[in-house]
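Visitor: Residues per chain are reported as follows:
2 protein chains.
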Amino acid sequence: RPRREVLFFPSQVTCTEALLQAPGLPPGPSGCPCSLPHSESSLSRLLRALLAARSSLELCLFAFSSPQLGRAVQLLHQRGVRVRVITDCDYMALNGSQIGLLRKAGIQVRHDQDLGYMHHKFAIVDKKVLITGSLNWTTQAIQNNRENVLIMEDTEYVRLFLEEFERIWEEFDPT
Amino acid sequence: RPRREVLFFPSQVTCTEALLQAPGLPPGPSGCPCSLPHSESSLSRLLRALLAARSSLELCLFAFSSPQLGRAVQLLHQRGVRVRVITDCDYMALNGSQIGLLRKAGIQVRHDQDLGYMHHKFAIVDKKVLITGSLNWTTQAIQNNRENVLIMEDTEYVRLFLEEFERIWEEFDPT
Ligand SMILES: [Zn+2]
Ligand SMILES: [Zn+2]
Numbered sequence: 001r002p003r004r005e006v007l008f009f010p011s012q013v014t015c016t017e018a019l020l021q022a023p024g025l026p027p028g029p030s031g032c033p034c035s036l037p038h039s040e041s042s043l044s045r046l047l048r049a050l051l052a053a054r055s056s057l058e059l060c061l062f063a064f065s066s067p068q069l070g071r072a073v074q075l076l077h078q079r080g081v082r083v084r085v086i087t088d089c090d091y092m093a094l095n096g097s098q099i100g101l102l103r104k105a106g107i108q109v110r111h112d113q114d115l116g117y118m119h120h121k122f123a124i125v126d127k128k129v130l131i132t133g134s135l136n137w138t139t140q141a142i143q144n145n146r147e148n149v150l151i152m153e154d155t156e157y158v159r160l161f162l163e164e165f166e167r168i169w170e171e172f173d174p175t
Numbered sequence: 001r002p003r004r005e006v007l008f009f010p011s012q013v014t015c016t017e018a019l020l021q022a023p024g025l026p027p028g029p030s031g032c033p034c035s036l037p038h039s040e041s042s043l044s045r046l047l048r049a050l051l052a053a054r055s056s057l058e059l060c061l062f063a064f065s066s067p068q069l070g071r072a073v074q075l076l077h078q079r080g081v082r083v084r085v086i087t088d089c090d091y092m093a094l095n096g097s098q099i100g101l102l103r104k105a106g107i108q109v110r111h112d113q114d115l116g117y118m119h120h121k122f123a124i125v126d127k128k129v130l131i132t133g134s135l136n137w138t139t140q141a142i143q144n145n146r147e148n149v150l151i152m153e154d155t156e157y158v159r160l161f162l163e164e165f166e167r168i169w170e171e172f173d174p175t
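Quick mapping for you: the protein sequence lines, in order, are chains A and B. Take the first sequence: its position 93, counting from 1, is numbered 93 in this note's numbering, and each next residue is one higher. Take the second sequence: its position 37, counting from 1, is numbered 37 in this note's numbering, and each next residue is one higher.
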């Protein structure tokens, strides 16, 4: 049965160090001395779904400032996963955006120039799993807002969202 | 095969009068004298999915100011569909919000009081179809932003989102 899941937020604030340092391992008594809970949360599940990427990751995100999600994306890039990011120029300029760090790390980023917002919040993992919902990738949203994120292994939806990604990717080509 | 669809925005600006005056009819040469195109659009498809409701409609929306979507919801209420609306208090207070009109029409509305945003943007039609995505129900978003809205006939997702709706509905009970 193909994966069909939903994560609701706000997420409990948990420690995600184990996940970001040794991705793939289940969480557990990691010996981390911090005082946060070391259990699963909506954020840790989202991180886990992203860190499962082996070949490609497309991100199409209005806002991206969560340090944990930023680290996860950099980790994937270091592992050789082909990461492409589309974002909105208005949010990109704000304090705390991860976009500058991703660019510095050598990740391809494109953004809009026009009046409307690039308001999508989706990710495609290995051209196989679609992650989409209401959640902007900010700590504020993760910890305080009521949000939903669907995680779906669905050939048809992946195809349609990948087409949307490629359309926008071409349109935002700066050259 | 259960319905599984996605609408991408921005939507072409089309006339939705025929749909809102004689719901259920296919669009066509309606004799409407206005100068807008009378073809299908993402907005008309969204309206059509909502207007299919026969018994219940749950709305959980961060922002709701689109006059067309407001009229559709009022139409359903007049037809005897049980409509319940959850929204965010911050957006509700803004100019152009449909929430006041819905309340005046006798539709039940509840909203949050707390710091985080009620940032969901979903609807459940007849406890059978889930409509969810990145789109806030504003004309600005519909006509200018890049957005997605999934329309899914999916028992499991409908159950999970309905549970989320009822949780928030109870929590926002003002009494
Ligand atoms: Zn820790
Ligand atoms: Zn017309």
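Worth flagging that the hints you see were computed from the coordinates, not collected in a lab. Some clues are possibly wrong.
No copy labels: a pair is met if it fits in one copy or bridges any two.
[As the list claims (entries may be wrong)] Heads up, simulated SDA-like pairs for lysine to any residue below, C-alpha to C-alpha not over 25 Å straight-line:
hint, residue 1, residue 2
1, K127, D154
2, K128, R4
3, K128, P2
4, K128, F8
5, K104, P33
6, K104, E156
7, K104, S39
8, K128, V158
9, K104, T155
10, K128, N144
Just so you know, these numbers come straight off a predicted model, no measurement behind them.
Visitor: Tell me, please, which holds for K128 and F8 at an alpha-carbon limit of 25 Å: within, between, both or neither?
Guide: both (22 Å within a copy, 20 Å between copies)
Visitor: Go through the copies and call it for K104 and T155: within, between, both or neither, with a Cα cutoff of 25 Å.
Guide: This pair counts as neither: shortest intra-copy Cα distance 33 Å, inter-copy 44 Å.
Visitor: My question is about K128 and P2: at a cut-off of 25 Å on alpha-carbon distance, are they close within one copy, between copies, both, or neither?
Guide: both (10 Å within a copy, 20 Å between copies)
Visitor: When no copy is named, should K104 and E156 be tagged within, between, both, or neither for a Cα gap of at most 25 Å?
Guide: neither (34 Å within a copy, 42 Å between copies)
Visitor: With identical chains, the pair K104 and P33 could be close in the same copy or across copies; at 25 Å between alpha carbons, which is it: within, between, both, or neither?
Guide: Neither: 31 Å inside a copy, 55 Å across copies.
Visitor: As a check of your reading, is K128 near V158 (CA-CA no more than 25 Å) within one copy, between copies, both or neither?
Guide: Answer is both; intra-copy 6 Å and inter-copy 23 Å each pass.
Visitor: Should K104 paired with S39 be assigned to within, between, both, or neither, using CA atoms and 25 Å as the limit?
Guide: neither (32 Å within a copy, 46 Å between copies)
Visitor: If the cutoff is 25 Å on CA atoms, where do K128 and N144 land: within, between, both or neither? Let me know, please.
Guide: neither (30 Å within a copy, 29 Å between copies)
Visitor: Is it within, between, both or neither when you check K127 against D154 at 25 Å Cα-Cα?
Guide: Both: 10 Å inside a copy, 22 Å across copies.
Visitor: If the cut is 25 Å between Cα atoms, do K128 and R4 qualify within a copy, between copies, both or neither?
Guide: both (12 Å within a copy, 17 Å between copies)
Of the numbered hints given earlier, the model fails hints 5, 6, 7, 9, 10; all others are met.
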